[in-house]
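**Q** Chain by chain, the residues:
2 protein chains.
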Amino acid sequence: MGQTNGQTKRVYAFGEAVNENATDVSVTEGNKDMKYQLGGKGANLAEMANMGLPVPPGYTITCQACMEYYESEPPAFPVGLDEEIAVYTADLEKKMGKKLGDADDPLLVSVRSGSPFSMPGMMDTVLNLGLNDESVQGIIAQTGNERFAWDSYRRFIQMFSRVVLDIEGDAFEEALTHMKEARGVKNDTDLSAEDLKELVSEFKDIVSREVSPEDYPALVVDGVVAFPQDVNEQLRLSIEAVFKSWNNRRAIDYRRMEGIADDLGTAVNVQAMVFGNKGDTSATGVGFTRNPADGTNEYYGDYLTNAQGEDVVAGIRITEPIAELKRQPGLEKAGEELDGVFATLEKAYRDMCDIEFTIEQGKLWMLQTRVGKRTAAAALKIAVDFVNEGTITKEEALLRINPMALDQLLHPQFDPAKKYDVCAQGLNASPGAAVGRCVFSADDAEAAAKAGEKVVLVRWETTPDDLHGMVAAQGILTSHGGKTSHAAVVARGMGKPCVCGVAELKIDARAKRAIIKDTDIVLDDQTIISIDGTTGTVVCGKADLIEPEVSGDFNTILDWADEFRVLGVRANADSPEDATLARNFGAEGIGLTRTEHMFLGERKDIIQDFILAGEDKEARLVALDQLLDTQVADYLGIFEAMDGLPVTVRLLDPPLHEFLDSPRELEIEITKEELTGGASVEKLEKKKKLLALIDSMSEMNPMLGLRGCRLGIMFPELYSMQVRAITRAACALKKQGKDPRPEVMIPLVSCKSELTTLRAESEKTIAEVMDEEGVVVDIKIGTMIELPRAAIVADKIAQAADFFSFGTNDLTQTAFGFSRDDIESKFLPCYLERKILPSNPFETLDDGVARIIAIGCERGRSTNPGIKLGICGEHGGDPASIAKCHRIGLTYVSCSPYRVPVARLAAAHAALNG
Amino acid sequence: MGQTNGQTKRVYAFGEAVNENATDVSVTEGNKDMKYQLGGKGANLAEMANMGLPVPPGYTITCQACMEYYESEPPAFPVGLDEEIAVYTADLEKKMGKKLGDADDPLLVSVRSGSPFSMPGMMDTVLNLGLNDESVQGIIAQTGNERFAWDSYRRFIQMFSRVVLDIEGDAFEEALTHMKEARGVKNDTDLSAEDLKELVSEFKDIVSREVSPEDYPALVVDGVVAFPQDVNEQLRLSIEAVFKSWNNRRAIDYRRMEGIADDLGTAVNVQAMVFGNKGDTSATGVGFTRNPADGTNEYYGDYLTNAQGEDVVAGIRITEPIAELKRQPGLEKAGEELDGVFATLEKAYRDMCDIEFTIEQGKLWMLQTRVGKRTAAAALKIAVDFVNEGTITKEEALLRINPMALDQLLHPQFDPAKKYDVCAQGLNASPGAAVGRCVFSADDAEAAAKAGEKVVLVRWETTPDDLHGMVAAQGILTSHGGKTSHAAVVARGMGKPCVCGVAELKIDARAKRAIIKDTDIVLDDQTIISIDGTTGTVVCGKADLIEPEVSGDFNTILDWADEFRVLGVRANADSPEDATLARNFGAEGIGLTRTEHMFLGERKDIIQDFILAGEDKEARLVALDQLLDTQVADYLGIFEAMDGLPVTVRLLDPPLHEFLDSPRELEIEITKEELTGGASVEKLEKKKKLLALIDSMSEMNPMLGLRGCRLGIMFPELYSMQVRAITRAACALKKQGKDPRPEVMIPLVSCKSELTTLRAESEKTIAEVMDEEGVVVDIKIGTMIELPRAAIVADKIAQAADFFSFGTNDLTQTAFGFSRDDIESKFLPCYLERKILPSNPFETLDDGVARIIAIGCERGRSTNPGIKLGICGEHGGDPASIAKCHRIGLTYVSCSPYRVPVARLAAAHAALNG
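In the order they appear, the protein sequences are chains U and B. Under my numbering, the first residue of the first sequence carries the number 1, and numbering increases by one thereafter. Under my numbering, the first residue of the second sequence carries the number 1, and numbering increases by one thereafter.
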C-alpha cells in the first residue's frame with residue numbers, strides 16, 4: 001500500500017488474507033533486509049510471509065516513526081501516523097474478515113515491540129487487544145468457549161494495565177491468588193468461566209483504584225479512570241506504550257551493555273491474534289533449527305498444549321520437547337508441517353534459526369523467527385557444519401563467530417545447570433571461574449599454595465608487590481579498580497579468573513576479614529568463595545565448575561581465520577610458561593616481554609641496592625652483576641620456548657621508586673619508634689637516611705617522570721646489563737643450533753636522540769658479547785611509540801628503529817591526559833554514564849588515539865618503508881581495537897596469551913570487513 | 001695566495017707589506033663576510049686591511065682547520081697545514097722584512113683565537129711569540145731598549161707557559177712580586193732591564209720545575225723540560241693551544257649559555273706584533289664609535305700610555321679617555337687619525353663598532369674591530385638614531401635589537417626619592433639594581449641561588465670561571481677592572497646589574513669578607529648589600545627598588561615593531577594590577593587569567609569546605625555561594641583594567657586536592673597524637689575521617705587526574721559559580737557604559753563532548769544572569785588545547801569553540817610524557833648536558849610540540865575557519881617560540897606582563913624573517 005498524502009511511509013503490511021473473500025487488500029511489503037525500518041521481528045515476519053509460511057497477517061510501524069515520536073517535546077505521534085494506522089487496521093480487518101471490538105466476531109490483535117537488534121524482554125508487548133465488554137461476547141459467540149473468552153479478557157486487562165497504565169502487577173496477581181484460594185483450586189486453568197468473569201470485574205476496579213485521573217484524563221468516566229472500552233483508544237495507547245518502552249530504564253541499560261545505539265528506535269508490530277489456548281488441539285512453543293547449546297544438527301524446542309506464549313516463558317508448567325508434537329493427537333499435522341518450516345527457514349536464512357509458533361485448533365501459525373542465539377561451542381560447530389554442508393563459505397562462517405566467544409571456551413565456568421547463592425557482583429575482569437579459601441595478603445596466598453591449598457586472593461586492589469600472591473592464587477577478587485586495573489591486567493595476562501571493583505566489599509586486610517555491605521555476610525580466612533570472572537559473579541561457598549574443552553572446531557575456525565587475516569598476532573609474555581601457552585594458541589612471536597616483573601621477589605633487594613647506591617657507581621655495578629645471571633636465565637627460557645619466532649624484550653620501564661618502600665609508611669614507622677624508643681639511635685639514623693633518599697626519588701607524577709628510556713640514559717649500566725643478558729641468552733641458544741630472534745625494545749622514547757644514544761650503547765654491548773661468545777645473532781632494535789610526540793616525529797625516530805610497537809596504554813594516558821591509576825575510580829564512570837566518552841579508552845582503542853597511531857605509522861614509513869609496526873597495549877586483544885589496527889595498517893597486534901585466539905579471529909573479521 | 005697541493009685552502013693572508021721593498025708578497029685574501037671561515041676577528045682584520053686602515057700584516061688559519069684538528073683521534077693538525085703555515089709565515093717575514101727568531105732584527109707575532117661569534121676572554125692568546133735567548137738580543141739591537149726587550153721576553157714566557165704548557169700563573173706572579181719587594185719598588189715598570197733579565201731566567205726555571213717531561217717529550221733537554229728556543233716549535237704549539245682552547249670548559253659553558261654551536265671551531269690569527277709599550281709615544285686602547293652604555297653619538301674609549309693590551313683589560317692602571325689622546329704629546333697625530341678610523345668604520349659597517357688599537361712610537365695600528373656590544377638602552381638609541389640619520393631602515397633597526405634586551409630595560413632601580421647610606425662608588429658597568437647577601441665565590445652564589453636566596457657576587461675581578469656564579473647572582477660587584485672588563489661585558493650581556501672597579505673594596509675571598517678602606521665597614525657573608533649598576537652606587541643594607549621607566553626610544557622601537565608584526569600580543573594576568581601593567585606595556589588583551597590563585601589565602605578554607613562536602617550537594621552550594629561575591633569582584637577589577645579588550649578567563653583547573661592538607665603530614669600528626677595522648681578521642685576520630693577523605697581524593701598522577709574541565713563535569717556547580725561571577729561582573733560594567741569583553745575558557749578538554757556539555761551549561765548560566773541583570777554582553781566560549789588528543793581531533797572540537805588557546809605547558813608535558821614538577825630536577829639537566837634535547841622544552845617551544853600545534857590549527861580551521869588561535873603557556877614570552885608561533889600562523893601569543901614588549905619585538909622579528 002502507498003503512503004498517505006505523499007508522506008514518508010511509516011506502516012508496512014505483512015501476511016495473506018485469511019478471509020478468502022477479501023478483495024483489494026495489501027500484500028506483504030517488507031522483507032528480512034529491512035530490519036532498520038521494521039525491526040528484527042517485523043522484517044522476519046514479512047520474510048516468512050514472503051516464503052509462504054503461515055503468518056497471521058498484520059502490519060509493522062517503523063522504527064523511524066518511533067524516533068519521530070521522540071522528536072516532539074513532549075513526545076507525540078508524528079502528523080499522519082494516526083491516519084496511516086487507521087488505513088492499515090481497516091486493511092487487516094478486511095484480511096481477517098473481522099472487526100476490532102465487534103460484538104459478533106471481533107478481531108483481536110497483539111501489539112509487540114521489535115527493534116533492529118534483539119533486546120529480549122526489555123520492551124513491552126500487549127496481547128488480546130480488542131477485547132471489551134462487548135467484544136468478549138463476540139468471542140464467546142464465535143468460539144462457544146466462555147471460559148477462554150473471559151480468560152483472554154482478564155489477561156488483556158492485566159497486561160494492558162501493567163504496560164500502558166503503569167500499574168504494578170501485584171494487585172492483579174493478588175486478586176488471582178485470592179480467587180484461586182476462594183475456589184480451592186491450584187492452577188489458573190482450574191478456574192471457571194464465571195470465576196474469570198468475576199476477576200475481569202475486579203481487575204477493572206483495580207484500574208480505577210490504582211490510576212490517577214490526572215495521568216489519563218482521556219480515560220476518566222464519572223471522575224475515575226475506567227478501563228478503556230474504545231478499541232481504537234486501546235490500540236493507540238498500546239502503540240505509544242511500545243514507543244515509550246524504547247527508553248525505559250532497563251532498555252537503556254541493556255543497550256549500553258550491548259553497545260546498541262540509542263537512536264535506532266523500535267518498530268511496533270500489530271498482528272492478528274492466534275490462540276494456543278483454545279483447547280487440546282491448540283498449543284504454543286519455541287524452537288531452534290539446531291541445538292543451540294552444543295550445535296548438534298537436530299530440531300530442538302518445547303511446547304505447551306493449550307497455552308499462550310507467556311506461559312512458556314514463565315516456566316510455570318512443564319513443557320514437552322517438540323518431537324512429541326507428531327505423537328500428540330490433533331497436533332500431528334502441525335508437527336509435520338513444523339519440520340518443513342525448520343528446513344525452509346534454515347535454507348532461507350542459511351543459519352540456525354529460532355522460532356515462536358502457535359497451533360490454533362490444529363493449524364500451525366508462525367509468530368516469529370530470527371537467527372538464533374547459541375553458546376560459543378555451538379557457534380563453532382554450527383559454523384563448521386554449515387561450511388561442510390556447503391551452505392556457507394568460510395568467510396561467512398568466520399564472520400558469524402564473535403571473537404570474544406572464543407575466550408569463554410578457554411576457561412572453566414560455573415556449571416550453568418546449577419543454581420548459586422550470588423553474594424556480590426563485580427566487573428568481569430578476567431574470564432574463568434575459581435573456587436578457594438579467602439586469603440587477604442599475597443604472602444598468605446603463597447603460603448597456602450605451597451601447602452597445596454586452593455585460595456582466592458581478596459585485595460582492595462593489587463600492586464606489583466602482590467604478584468607472587470596472584471601467581472599462587474586460583475583467582476583474584478578486588479573491591480577497587482576497573483577492567484584495566486593492575487589486578488585485571490595482570491590476571492588476564494596470567495589467564496587467571498579475576499573479579500574487580502566489587503564496591504560492596506569492605507575489606508579489613510589486617511584483620512583478615514571482609515564484609516559485604518548491607519548484608520550480614522562476613523568473609524574471613526576460613527571462608528570458601530567462588531568467583532566467575534566471565535560474568536563478574538561472586539558466590540559464597542563452593543560452586544561446581546565445568547572445565548573447558550576445546551573442540552576440533554576451535555582450531556578449524558582459527559585455521560580458517562589465519563587464511564584471511566592480514567594482521568600478525570603475537571603475545572605478551574614474561575615467562576617461558578606464558579610463551580609456550582601463547583605459542584600453542586598460535587602466537588607468531590612475542591610482541592612484549594616486560595622485564596619489570598623479573599625484578600621482583602628475592603631480586604627486589606638487589607634492585608633496591610642498585611637504586612640506593614645513588615652516585616656510587618661501583619656499588620651499582622655490584623648490584624647489577626648479581627642480576628645479570630638471573631636475567632640470562634629469564635631470557636633463555638623465553639627464547640627457547642619461542643625458538644624461530646621473534647621475541648620483543650622491553651628494557652626496564654617503570655619508575656625506580658616503585659621498587660622502594662613507601663616513604664609515608666617509613667616516616668610513620670620512624671615517628672613511632674622515636675616516640676616509643678623502639679629502636680636504637682643508629683637504626684633510626686639509618687632509617688632517616690633511607691627516608692631522605694626515597695623522598696629525593698619520589699615524584700609528583702611518576703607516570704611522567706624518571707622511567708622508560710630515561711632510566712637507560714641516566715643509568716647506562718642498567719640497560720647495558722639487560723642487553724648483555726639478552727645477547728648472552730641468544731648466543732647460548734644459537735650455539736645449541738637453535739634460532740633465537742630477540743628484539744630489543746627501548747621504551748618511552750620521545751625524541752630520536754634518546755633512541756640513537758641507547759641504540760649505539762646497545763649495539764656496542766651486543767658486539768662485545770658476540771665477540772666474547774664467538775657467535776653472531778641478528779638482534780633487532782626498536783622502540784615503543786607511546787608518547788604523542790614520538791608519533792608526531794615518527795619520521796625522525798624511524799630512521800633509528802627496526803620496529804615500532806605502539807604502547808597504547810601509555811599513549812592513551814598521555815593523549816588524553818588520563819592517569820589510568822586515577823581516572824577509573826574517579827571520573828571515568830561519570831564520563832561513560834553521561835556519554836562524554838563512548839567507551840573506556842583503556843579497553844577499546846579511542847578514535848583520537850587511533851589517529852595519532854595512524855600519523856605515527858604514516859610518518860614512520862615515510863622514512864623507513866620496511867619498518868615493522870605493532871601494538872602491545874591491552875588493546876591488542878580487543879576485537880574493536882583490532883579492527884582499527886587493521887585499518888591503520890599495522891603489521892601485528894600483541895596480546896595476552898589467552899587472547900591470541902580472539903585476536904586471530906578478530907583480525908580475520910577486520911580483513912573480511914575491509 | 002693559492003692552496004698548497006690543491007688542498008682546501010686553510011690559511012688566508014691580510015695586511016700590506018711594511019717593508020716597502022718586499023716583492024712577490026700576498027694581498028689581503030678575506031673580507032668581513034667570511035666570519036665562518038676566518039672568525040669574527042680575522043674577517044674584520046681583512047676588512048680593515050681592504051679599507052686601507054693600518055693593520056699589522058698577518059694571516060688567519062680557518063675555523064675549518066680547527067674542526068679538522070678535532071676529527072683525528074687524538075686530535076692532530078690536518079695533513080698539509082704545517083706546510084701551508086710555513087708558506088704564510090715566510091710571506092709574513094717578507095712583508096715585515098724581518099725573520100722569526102732572528103738574532104739581529106727578529107719578527108715577533110701574536111697568536112690569537114677568533115671564532116665566528118664573539119666569545120670574549122673564553123679562548124687563548126699568545127703575544128710576543130718569536131722571542132728566545134737569541135732574538136731578545138735582536139730586539140735590543142733594533143730598539144736600543146734593553147728593558148723593553150727583557151720585559152717582552154718575560155711576558156712571553158709567562159703567557160706561553162700558562163696558555164701552552166698549562167702552568168698556573170701564580171708561580172710567575174710570586175716571582176714577580178718577590179722581585180719587586182726585593183727591589184723595594186711598587187710597579188712592574190719600576191723594575192730595571194737587569195731585574196727583568198733575572199726574571200726571565202727564574203721563569204725558565206719555573207717551566208723546568210713545573211712541567212712534567214712526559215707531557216712534553218719534544219721539549220726535554222737534559223732530562224727536564226726547557227722553555228722552547230725553536231721559534232717554529234713555539235708557533236706550532238701556540239696554534240695548537242688556540243685550537244684546544246675551543247673546547248676548554250669555560251668556552252663550552254659560554255657556548256651553551258649563548259646558544260653557539262659546538263661545531264663552528266675557532267680561527268687562529270697570526271699577526272705581526274706592534275708595541276704600545278715602547279715608551280711615552282706608545283699606547284694601547286679600546287674604543288667604541290658611540291657610547292655603548294647609553295648610545296650617545298660620541299667617540300668613546302680608554303687608553304694606557306706605554307702599555308700592552310693586557311694591561312688595559314687587567315685594569316691594573318687607571319686608563320685615560322681617548323679624547324685625551326689628541327692632547328698628549330707624541331700621540332696627537334694618532335688621535336686625529338683615530339677619529340677618521342671611527343668615521344670610516346661606522347660608515348662601512350653601518351653600525352656602532354668597537355676597536356682595539358695600539359700606537360707604536362706615534363704610529364696608529366688597528367688590531368681589531370667588530371660591531372660593538374651595547375646596553376639595551378644604547379641599542380635602542382643607536383638603532384633609532386641610525387634610522388633618523390637615514391643610515392638604516394626601520395626593519396634593519398628592529399632586527400638589530402635582541403628582543404630579550406628589552407627585558408633588561410625593565411629592571412628595577414634604586415628609588416631616587418630615598419636616601420641611602422652609600423658606602424662605595426664604582427663604575428656603572430651594567431644597568432639595573434640588585435639587593436642580596438654578599439657571597440665571595442661563584443660556587444657560593446650558585447648554592448645560595450639553588451636554595452632560593454638572592455645574592456650579590458663580590459669579586460676582585462671575574463674570570464670566565466666565575467660564569468656560573470654570575471648567572472646565579474642578582475648582581476655583580478668587583479673591586480678591579482673597568483667598563484670593558486670581563487665582569488662588565490658579561491653582566492651587560494646577561495642584563496644583570498654590575499658595579500665595577502670599586503678600588504676601596506679590599507676583598508679576602510678565602511675569609512669570605514671584605515673591608516671598605518678608610519671606613520670601619522666590613523662586608524661578610526651575612527651582610528646584605530644593594531648595588532645600582534646604572535649609577536655605580538653600592539649601598540650597605542637593603543635599598544628600596546623602583547620599577548623602571550622606559551625611554552622614548554623604547555616606545556619608538558615597539559611602535560615600529562607593531563607596524564610589522566602579524567601576531568597579536570596579549571598578557572597573562574590574574575589581577576587588576578597585572579592587567580594594568582600589561583596594558584601599559586601594549587598588551588592587546590588578556591590571553592589567560594588563571595583563577596586558581598583567587599582560591600588561596602583566606603578563601604582556601606571555603607574551597608576546602610566545598611571539596612570536603614563530598615556528596616553533600618547542599619553543603620557544596622553553601623561554600624560556593626560564599627565564593628561568588630568575591631569572584632565577581634575579582635573579575636570586575638580585571639575587566640575594568642582591560643576595558644574594550646578581550647579577557648580570557650580560564651575556569652578552575654588544578655586538582656582539587658591541591659587545596660587540601662598533605663595526607664602524609666596529617667597521618668604523622670595523628671600517629672603522634674595517638675602515641676602521646678595529645679588529643680581527645682573525638683578530635684582524633686575527626687582527623688582520621690579527614691585523612692580518609694583526603695586519601696580518597698589523592699591521586700597517583702594528579703597532573704593526569706581529576707582536574708581541568710573534568711572538575712566542571714563532576715561538579716557542575718563549581719564552573720557555574722565562576723561563569724555566573726564572570727557574567728555578573730561584565731553586566732555591571734556594561735551598565736556603567738564600559739565595554740567588557742570576557743571570554744570563558746574551558747581547560748583540559750580532550751574530546752568535543754566535554755566542551756559541548758560545559759558550553760551548554762555555561763550558556764545557560766550566562767543567559768540566566770543576563771536575564772536577571774537586563775543587559776546583554778557578548779561572551780565568547782572557547783577552550784584550551786593542551787592535550788595531544790585535543791589537537792588531533794581539533795576539527796571536531798572547533799565546531800563547539802569560539803577560540804583555541806594552546807596551553808603549551810601542559811601540551812609539552814603530555815606530548816613528551818614529562819612532568820615539569822619532576823624532570824627539571826631529575827633527568828632534564830642530563831638531557832641538556834648530553835644534547836639529547838637541544839633546549840629545555842618548557843622554555844623554548846619544542847619542534848615536535850609545534851607540529852602538534854600546527855595540526856591543531858589546521859584541523860581547527862578546517863571546520864571553523866574564523867576561529868581565534870592563541871597560546872598562553874610560558875612560551876608566549878620566549879622569542880624563539882614566538883617565531884615558531886608566527887610560522888604556525890597563530891592569531892596571538894600571551895605572556896607575562898614584563899614580557900609583552902619582548903613579545904611585540906620578537907613578533908616583528910618573526911614577521912621580518914618570514
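It is worth saying that the hints were derived from the structure and are not from the lab. Possibly wrong hints are sitting among the right ones.
Restricting the straight-line Cα-Cα distance to at most 27 angstroms, the calculated cross-link-like pairs of lysine-lysine (BS3-like) are [stated by the list, open to error]:
hint, chain 1, residue 1, chain 2, residue 2
1, U, 835, B, 780
2, B, 9, B, 244
3, U, 506, B, 780
4, U, 826, B, 244
5, B, 454, B, 347
6, B, 796, U, 517
7, B, 617, B, 512
8, U, 835, B, 617
9, U, 688, B, 347
10, B, 450, B, 512
11, B, 734, B, 688
12, B, 826, U, 688
13, B, 689, U, 517
14, B, 517, B, 180
15, B, 419, B, 450
16, U, 517, U, 94
17, B, 796, B, 826
18, B, 604, U, 835
19, U, 604, B, 868
20, U, 780, B, 868
21, U, 689, B, 542
22, U, 672, B, 686
23, U, 672, B, 687
24, B, 868, B, 764
25, U, 689, B, 826
26, U, 617, B, 604
27, U, 796, B, 617
28, B, 204, U, 826
**Q** Hint numbers the structure violates, sorted upward?
**A** Going through the list in order, the structure violates hints 3, 4, 5, 6, 7, 9, 11, 15, 16, 17, 18, 19, 20, 21, 26, 27, 28 and respects the others.
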